[in-house]
Amino acid sequence: NAGVTQTPKFRILKIGQSMTLQCTQDMNHNYMYWYRQDPGMGLKLIYYSVGAGITDKGEVPNGYNVSRSTTEDFPLRLELAAPSQTSVYFCASSYLGDRGYEQYFGPGTRLTVT
Amino acid sequence: QKEVEQNSGPLSVPEGAIASLNCTYSDRGSQSFFWYRQYSGKSPELIMFIYSNGDKEDGRFTAQLNKASQYVSLLIRDSQPSDSATYLCAVGDNYGQNFVFGPGTRLSVLP
Numbered sequence: 016n017a018g019v020t021q022t023p024k025f026r027i028l029k030i031g032q033s034m035t036l037q038c039t040q041d042m043n044h045n046y047m048y049w050y051r052q053d054p055g056m057g058l059k060l061i062y063y064s065v066g067a068g069i070t071d072k073g074e075v076p077n078g079y080n081v082s083r084s085t086t087e088d089f090p091l092r093l094e095l096a097a098p099s100q101t102s103v104y105f106c107a108s109s110y111l112g113d114r115g116y117e118q119y120f121g122p123g124t125r126l127t128v129t
Numbered sequence: 009q010k011e012v013e014q015n016s017g018p019l020s021v022p023e024g025a026i027a028s029l030n031c032t033y034s035d036r037g038s039q040s041f042f043w044y045r046q047y048s049g050k051s052p053e054l055i056m057f058i059y060s061n062g063d064k065e066d067g068r069f070t071a072q073l074n075k076a077s078q079y080v081s082l083l084i085r086d087s088q089p090s091d092s093a094t095y096l097c098a099v100g101d102n103y104g105q106n107f108v109f110g111p112g113t114r115l116s117v118l119p
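Protein chains in written order, with this note's numbering: chain A, 16 to 129; chain L, 9 to 119.
Read the hints as simulated data drawn from the structure, not as lab findings. Each hint should be verified, as a subset may be incorrect.
[Stated by the list, open to error] List time: in silico DSSO-like cross-link candidates among lysine-lysine, alpha-carbon distance up to 30 Å:
{"id": "1", "chain 1": "A", "residue 1": "Lys24", "chain 2": "L", "residue 2": "Lys75"}
{"id": "2", "chain 1": "L", "residue 1": "Lys75", "chain 2": "A", "residue 2": "Lys29"}
{"id": "3", "chain 1": "L", "residue 1": "Lys50", "chain 2": "A", "residue 2": "Lys29"}
{"id": "4", "chain 1": "L", "residue 1": "Lys64", "chain 2": "A", "residue 2": "Lys24"}
{"id": "5", "chain 1": "L", "residue 1": "Lys50", "chain 2": "A", "residue 2": "Lys72"}
{"id": "6", "chain 1": "L", "residue 1": "Lys75", "chain 2": "L", "residue 2": "Lys64"}
{"id": "7", "chain 1": "A", "residue 1": "Lys59", "chain 2": "L", "residue 2": "Lys64"}
{"id": "8", "chain 1": "L", "residue 1": "Lys50", "chain 2": "A", "residue 2": "Lys24"}
{"id": "9", "chain 1": "A", "residue 1": "Lys72", "chain 2": "L", "residue 2": "Lys10"}
{"id": "10", "chain 1": "A", "residue 1": "Lys59", "chain 2": "L", "residue 2": "Lys50"}
{"id": "11", "chain 1": "L", "residue 1": "Lys64", "chain 2": "L", "residue 2": "Lys50"}
Isolated chain A, as found in the complex:
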């Protein structure tokens, strides 16, 4: 299993541009998440999905959109990029283990908006 994969690894955007961060998992996990991590900080939940066709906002959803058409894919769309969206973005997936949900992370996308 490749686990959770993310593309691209790095990206530089100009203010006002748009882009899609890709996330794919091959573990057949129902739950998927997008987080952002600013320097020296913990992770903030942007959006999550409990299954194909179902998405919901997390703590910091403004400026982002998501879709979940398949179990495997959970792309994150940035519209009208702003410098405040400069961050490292992590995608994660989880499954219901013996006692609860355990999250596994992709390698991250480092985004700079200038």
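Assemble the complex: chain A is given as a structure, and chain L must be docked to it using the hints.
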């Protein structure tokens, strides 16, 4: 607003010593508790999870949970320089929909 707090550190311990990392959380309804290790420039890696009060041991790692005090800790025995990383505490519910992460504690193990 659900909050998870950790000392930001850095916490420095000599090689071979016990490192103790602490975490408190605000939501009494939290049901699952996780410790992640994150090396610089890398993604978080799950190293321990605990759901019940008490201790859970896995190799050199012991997680301790006290729901009454809303406190969870991670002990690392026989610390190695390779343990030098940021340790993130995360708290979740029973439904997989609400994970809240602390800011992380940076651990430095000195040879």
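Cross-check of the supplied hints:
{"no.": "1", "hint": "A:Lys24 - L:Lys75", "verdict": "39 Å, violated"}
{"no.": "2", "hint": "L:Lys75 - A:Lys29", "verdict": "46 Å, violated"}
{"no.": "3", "hint": "L:Lys50 - A:Lys29", "verdict": "25 Å, holds"}
{"no.": "4", "hint": "L:Lys64 - A:Lys24", "verdict": "36 Å, violated"}
{"no.": "5", "hint": "L:Lys50 - A:Lys72", "verdict": "25 Å, holds"}
{"no.": "6", "hint": "L:Lys75 - L:Lys64", "verdict": "14 Å, holds"}
{"no.": "7", "hint": "A:Lys59 - L:Lys64", "verdict": "27 Å, holds"}
{"no.": "8", "hint": "L:Lys50 - A:Lys24", "verdict": "11 Å, holds"}
{"no.": "9", "hint": "A:Lys72 - L:Lys10", "verdict": "15 Å, holds"}
{"no.": "10", "hint": "A:Lys59 - L:Lys50", "verdict": "16 Å, holds"}
{"no.": "11", "hint": "L:Lys64 - L:Lys50", "verdict": "26 Å, holds"}
Violated hints, in rising order: 1, 2 and 4; the structure is consistent with all others.
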